[in-house]
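The lines below spell out each chain.
Number of protein chains: 2
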Amino acid sequence: MSSAYSTLVEKFRQLSRLDHAMTFLQWDQLVMMPPGGNQSRAEAIAELASMRHEMLISPEIGELLQQAENQVVEAPEKRSLVEMKREWQQAVCLPASLVKAQSLAGSTCEHGWRSQRKDNDWSGFLNNFKEVAQLAREEAKLRQEVEPEKFATPYDALLDLYCTGDSSAFIQEVFTGLKAELPALLGEVLERQHASADLTGSYPIEAQKHLNEKLMSCLGFDFSAGRLDVSMHPFSTGDRGDQRITTRFRDTDFADALTSTAHETGHASYEAGLPLEWDDLPVGQARNMCIHESQSLLFEKQIFLSRPFLRFFTPAIHNLLPESKRFDADQVWRACIKVQPSFIRVEADELTYPLHVILRFEIERELINGTIEPKDIPELWNMKMQKYLGLSTEGNYRDGCLQDIHWTDGSFGYFPSYTLGAINGAQLFATIRKERPDWQDLVVKGDVGFIRDWLREKIWSKGSTMDSQQIMAAATGEGTHPRHFLAHIRARYLENSY
Amino acid sequence: MSSAYSTLVEKFRQLSRLDHAMTFLQWDQLVMMPPGGNQSRAEAIAELASMRHEMLISPEIGELLQQAENQVVEAPEKRSLVEMKREWQQAVCLPASLVKAQSLAGSTCEHGWRSQRKDNDWSGFLNNFKEVAQLAREEAKLRQEVEPEKFATPYDALLDLYCTGDSSAFIQEVFTGLKAELPALLGEVLERQHASADLTGSYPIEAQKHLNEKLMSCLGFDFSAGRLDVSMHPFSTGDRGDQRITTRFRDTDFADALTSTAHETGHASYEAGLPLEWDDLPVGQARNMCIHESQSLLFEKQIFLSRPFLRFFTPAIHNLLPESKRFDADQVWRACIKVQPSFIRVEADELTYPLHVILRFEIERELINGTIEPKDIPELWNMKMQKYLGLSTEGNYRDGCLQDIHWTDGSFGYFPSYTLGAINGAQLFATIRKERPDWQDLVVKGDVGFIRDWLREKIWSKGSTMDSQQIMAAATGEGTHPRHFLAHIRARYLENSY
Numbered sequence: 001m002s003s004a005y006s007t008l009v010e011k012f013r014q015l016s017r018l019d020h021a022m023t024f025l026q027w028d029q030l031v032m033m034p035p036g037g038n039q040s041r042a043e044a045i046a047e048l049a050s051m052r053h054e055m056l057i058s059p060e061i062g063e064l065l066q067q068a069e070n071q072v073v074e075a076p077e078k079r080s081l082v083e084m085k086r087e088w089q090q091a092v093c094l095p096a097s098l099v100k101a102q103s104l105a106g107s108t109c110e111h112g113w114r115s116q117r118k119d120n121d122w123s124g125f126l127n128n129f130k131e132v133a134q135l136a137r138e139e140a141k142l143r144q145e146v147e148p149e150k151f152a153t154p155y156d157a158l159l160d161l162y163c164t165g166d167s168s169a170f171i172q173e174v175f176t177g178l179k180a181e182l183p184a185l186l187g188e189v190l191e192r193q194h195a196s197a198d199l200t201g202s203y204p205i206e207a208q209k210h211l212n213e214k215l216m217s218c219l220g221f222d223f224s225a226g227r228l229d230v231s232m233h234p235f236s237t238g239d240r241g242d243q244r245i246t247t248r249f250r251d252t253d254f255a256d257a258l259t260s261t262a263h264e265t266g267h268a269s270y271e272a273g274l275p276l277e278w279d280d281l282p283v284g285q286a287r288n289m290c291i292h293e294s295q296s297l298l299f300e301k302q303i304f305l306s307r308p309f310l311r312f313f314t315p316a317i318h319n320l321l322p323e324s325k326r327f328d329a330d331q332v333w334r335a336c337i338k339v340q341p342s343f344i345r346v347e348a349d350e351l352t353y354p355l356h357v358i359l360r361f362e363i364e365r366e367l368i369n370g371t372i373e374p375k376d377i378p379e380l381w382n383m384k385m386q387k388y389l390g391l392s393t394e395g396n397y398r399d400g401c402l403q404d405i406h407w408t409d410g411s412f413g414y415f416p417s418y419t420l421g422a423i424n425g426a427q428l429f430a431t432i433r434k435e436r437p438d439w440q441d442l443v444v445k446g447d448v449g450f451i452r453d454w455l456r457e458k459i460w461s462k463g464s465t466m467d468s469q470q471i472m473a474a475a476t477g478e479g480t481h482p483r484h485f486l487a488h489i490r491a492r493y494l495e496n497s498y
Numbered sequence: 001m002s003s004a005y006s007t008l009v010e011k012f013r014q015l016s017r018l019d020h021a022m023t024f025l026q027w028d029q030l031v032m033m034p035p036g037g038n039q040s041r042a043e044a045i046a047e048l049a050s051m052r053h054e055m056l057i058s059p060e061i062g063e064l065l066q067q068a069e070n071q072v073v074e075a076p077e078k079r080s081l082v083e084m085k086r087e088w089q090q091a092v093c094l095p096a097s098l099v100k101a102q103s104l105a106g107s108t109c110e111h112g113w114r115s116q117r118k119d120n121d122w123s124g125f126l127n128n129f130k131e132v133a134q135l136a137r138e139e140a141k142l143r144q145e146v147e148p149e150k151f152a153t154p155y156d157a158l159l160d161l162y163c164t165g166d167s168s169a170f171i172q173e174v175f176t177g178l179k180a181e182l183p184a185l186l187g188e189v190l191e192r193q194h195a196s197a198d199l200t201g202s203y204p205i206e207a208q209k210h211l212n213e214k215l216m217s218c219l220g221f222d223f224s225a226g227r228l229d230v231s232m233h234p235f236s237t238g239d240r241g242d243q244r245i246t247t248r249f250r251d252t253d254f255a256d257a258l259t260s261t262a263h264e265t266g267h268a269s270y271e272a273g274l275p276l277e278w279d280d281l282p283v284g285q286a287r288n289m290c291i292h293e294s295q296s297l298l299f300e301k302q303i304f305l306s307r308p309f310l311r312f313f314t315p316a317i318h319n320l321l322p323e324s325k326r327f328d329a330d331q332v333w334r335a336c337i338k339v340q341p342s343f344i345r346v347e348a349d350e351l352t353y354p355l356h357v358i359l360r361f362e363i364e365r366e367l368i369n370g371t372i373e374p375k376d377i378p379e380l381w382n383m384k385m386q387k388y389l390g391l392s393t394e395g396n397y398r399d400g401c402l403q404d405i406h407w408t409d410g411s412f413g414y415f416p417s418y419t420l421g422a423i424n425g426a427q428l429f430a431t432i433r434k435e436r437p438d439w440q441d442l443v444v445k446g447d448v449g450f451i452r453d454w455l456r457e458k459i460w461s462k463g464s465t466m467d468s469q470q471i472m473a474a475a476t477g478e479g480t481h482p483r484h485f486l487a488h489i490r491a492r493y494l495e496n497s498y
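Quick note, the sequences are listed as chains C and U, same order. Going by full-length UniProt numbering, 234 is the number at position 234 of the first sequence; the sequence numbering is gapless. Going by full-length UniProt numbering, 313 is the number at position 313 of the second sequence; the sequence numbering is gapless.
If we strip away everything but chain C, and leave its shape as in the complex, we get (with noise of 0.2 Å):
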């Protein structure tokens, strides 16, 4: 290892401490803290974030990764120095003066939206918005001059903090190629679908949180290397060692909390999985969001949600919650696929949940770009909404544009994710069946180790030193492609074969 090198791995392993602290202070905060404790949490995850940031843009690590771009040419460890000067770039490419006056219009925006979406206010929403979107603008800019001959447009540069390596014009021929078939199969299936039964009884919440650690454990959760609690919204997080994921209960259902642990299953056995002679490193990290939801995804829609699975796991439910014995796991799982347009993209079933994403894919991608207005969104909403799911959100802006918290502080260039994320799922899960065909047998066993241990060696002990791209060609045989979610939704919904 040159010397520069490994300097910069000691300030970088330095980083992934002051992380670590950020990330357990903010979990506890959602978790754990009183209300009292707000002020002095706020202060001190602020204080450590300055820390972080005034460390990673020091001079001393913009010399220091100049340095060792002339002494490093091995492939790891040149590989480790491309993903540390991304993180570093994506950091000095800022002026302090745009970050502080994107928090100060993200902060304002995002608590004046808490009200005006109840007031279904869209002209209230406007006013702050526009200096969001503006300065969101200039931040795409700001990120895309850096790196002009990678970013096509300045959407590209924002898409880049979370899609890593997929550029827009990758993302709307894939999405092209959704939008082509979706609504019309949207169509058939609700033509053929059957009556499912309502799931509403009365499930008392302790029992379903062994229910939910039980679900955990047969999906491959390691209890001594991690938590599940409760917060307002689920979430996972955590690190080396200790994945920590939360979930929700309310004892009138037990379908949400139990597939939502599965999603954040996913999203923790990824981090779990992750490389460890990588570690505390950025090319130790996950690739991006788009593989992230994959693996969330996966567990969630191709194993959990699966008929093979549920035939599997329907007797822990009725052991548990005994009331849930007058629904036999068919019953359990055609209730849980239910397909059923609605306005509102978080509550959205997995055939139209796609597009619900691809509706603001477009819209924010043409915002960024310059090329419509903040004033033009609602039209637009309700335009692509009808088109798309047939339903006109027409000066109901509370379930349309104003539904999403994304928006609001900034974060452009995140939706996307989502359904990147359930094509690679699928597309993974594709591959996985053709090299076991005997997958249903194992899975009605409840063995889901086979999967766990294929997607250790194809996408988790990858860790960043992959492109995404390349990431999935290598487990899949081709890059991203829709026609393997297409076939798992017909598979799924018009032929009921798992």
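Check before you lean on any hint, since a few could be wrong.
For identical chains, the list gives no copy identity; a pair is met inside one copy or between any two copies.
[Claimed, not checked] Straight-line distance between alpha carbons at most 35 Å, and here's what the computed DSBU-like set of lysine-lysine pairs gives:
| # | residue 1 | residue 2 |
| --- | --- | --- |
| 1 | K445 | K118 |
| 2 | K338 | K325 |
| 3 | K141 | K338 |
| 4 | K100 | K11 |
| 5 | K85 | K100 |
| 6 | K325 | K209 |
| 7 | K141 | K387 |
| 8 | K375 | K387 |
| 9 | K85 | K141 |
| 10 | K11 | K85 |
| 11 | K434 | K458 |
| 12 | K214 | K118 |
| 13 | K78 | K11 |
| 14 | K100 | K130 |
| 15 | K118 | K387 |
| 16 | K458 | K445 |
| 17 | K338 | K387 |
Just so you know, these hints were derived from the structure itself, not from any lab. Values in this document were obtained by computation on a predicted structure and should not be read as measured data.
Go by the hints and put chain U onto chain C.
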């Protein structure tokens, strides 16, 4: 404010935000973290501790302190500066090589002790302990050299880390007053003590958890600014607006957890009542461990274990733990305050506890000042145990000089704070009793607000704006004096009055 002083305020606020992070990462480690998280957590905490140390000992702070000392003349800031300088001096006076050697020797000795204690292996322990003691002597000399006019002996310099402001000569005088009466008092109490009930029974943990939370609420704990959890050893920690205490439950006993919860609620109440205007600065912190322990022991011994409070609280015990109904309030009280000489400090009652502490104080003082050697400890221990408690530890190292963890990592000077705390607590409560002769009428109704108000005004809100003996004198009319503790023992154990 001088500009040097206000820069110092900013610097110490940064340090306190790192403290916040370490505080809650350590709480998590002991209360929530799965075992798999050990390594990454240890690395993160070590990194934060090292960053904090580097920031504190930077030459800039030394220069700012010097500048500020010449500029600051007003009383409150001057006091604040004194406490900043104390913290800085305690950090800069030790070379990094010594700190590292101590950390290594301490870990080795503590690790070995865990099995050597079980094996009664004094000579194995001695092998490791010699170096710990030698390094502690070096530390003591270096600390003494900083302020030779303040520290009469090397041991005084270590004592100052925990009993800040109380010299070893002063403590010896106080302890001499106790020693003169306690052994005889013990004999008298043992002779006249009634037989007490055996509280052993079956007490479900979940109900005990509710009971302990109820106790905390009765004692004034604010659950919007704190939590109760479970850990292997009870402790209390936290930061502004967020006090975390822990306890442990056994399903055969309820008294132990309640007593410990009352104790930790005292610690937490002190922390929650510290002066907001000095928040995040050294002068706003708890004065020292002798005052801290006075608050926990006042809550435990003077309030919770008082006859009137247990008359008030026993119905809640009956209500949540039906099997406890066999015992009336006075039976619970007598069982909880039973006096019984024993080998083990942590299991000792309030009458014999000081004798365990005095023994340790006398031995560690001589050890650090160099008038005895580590090899002399077992003989001295046995001699003093026979003299103070009538028990022989000859050849029984396990229940003698190997029982405590404190010395294994070089924490000399801590033990006296337990008994100074007990004396201070009794002295403070004697003043409260004098000012409120109707105290039993209030406490028997569960009213402890007048006690909290008094403590807030006299102790909590003072932070470190005064020396501990000034605080005691302002609150009670004199510095720490053993007569109040002895009077409390006589009143409770010979006169059965409360």
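Hints and how they fare:
Taking the shortest Cα distances, K445 and K118 never come within 35 Å of each other, neither inside one copy (46 Å) nor across copies (47 Å). For the identical chains of this complex, K338 and K325 are intra-copy neighbours only, at 20 Å inside a copy versus 54 Å across copies, given an alpha-carbon limit of 35 Å. Neither within a single protomer nor between protomers do K141 and K338 lie at most 35 Å apart by alpha-carbon distance, with minima of 42 Å and 75 Å respectively. Taking the shortest Cα distances, K100 and K11 sit within 35 Å of each other both inside one copy (25 Å) and across copies (21 Å).
For the identical chains of this complex, K85 and K100 are neighbours both inside a copy (23 Å) and across copies (34 Å), given an alpha-carbon limit of 35 Å. In this homomeric assembly, K325 and K209 come within 35 Å of each other (Cα to Cα) both inside a single copy, at 18 Å, and across copies, at 33 Å. For the identical chains of this complex, K141 and K387 are intra-copy neighbours only, at 32 Å inside a copy versus 82 Å across copies, given an alpha-carbon limit of 35 Å. In this homomeric assembly, K375 and K387 come within 35 Å of each other (Cα to Cα) only inside a single copy, at 20 Å, whereas the closest approach across copies is 88 Å.
Taking the closest pair of Cα atoms, K85 and K141 come within 35 Å of each other only inside a single copy of the chain (19 Å); across copies the shortest separation is 48 Å, beyond that limit. Taking identical chains as interchangeable, the C-alpha atoms of K11 and K85 lie at most 35 Å apart whether they share a chain (13 Å) or sit on different chains (31 Å). Taking identical chains as interchangeable, the C-alpha atoms of K434 and K458 lie at most 35 Å apart only when both belong to the same chain, with a minimum of 15 Å there against 75 Å between chains. In this assembly of identical chains, K214 and K118 lie within 35 Å of each other by CA distance neither inside one copy nor across copies; the values are 37 Å within and 38 Å between.
In this assembly of identical chains, the alpha carbons of K78 and K11 lie at most 35 Å apart only when taken from the same copy (17 Å versus 39 Å across copies). Taking the closest pair of Cα atoms, K100 and K130 come within 35 Å of each other only inside a single copy of the chain (17 Å); across copies the shortest separation is 55 Å, beyond that limit. Proximity of K118 and K387 under a CA criterion of 35 Å is satisfied intra-copy only: 26 Å inside one chain copy versus 75 Å between copies. In the homo-oligomer, the alpha carbons of K458 and K445 lie at most 35 Å apart inside one protomer (24 Å), although the nearest pairing across protomers, at 67 Å, exceeds that limit.
In this assembly of identical chains, K338 and K387 lie within 35 Å of each other by CA distance solely inside one copy; the values are 21 Å within and 80 Å between copies.
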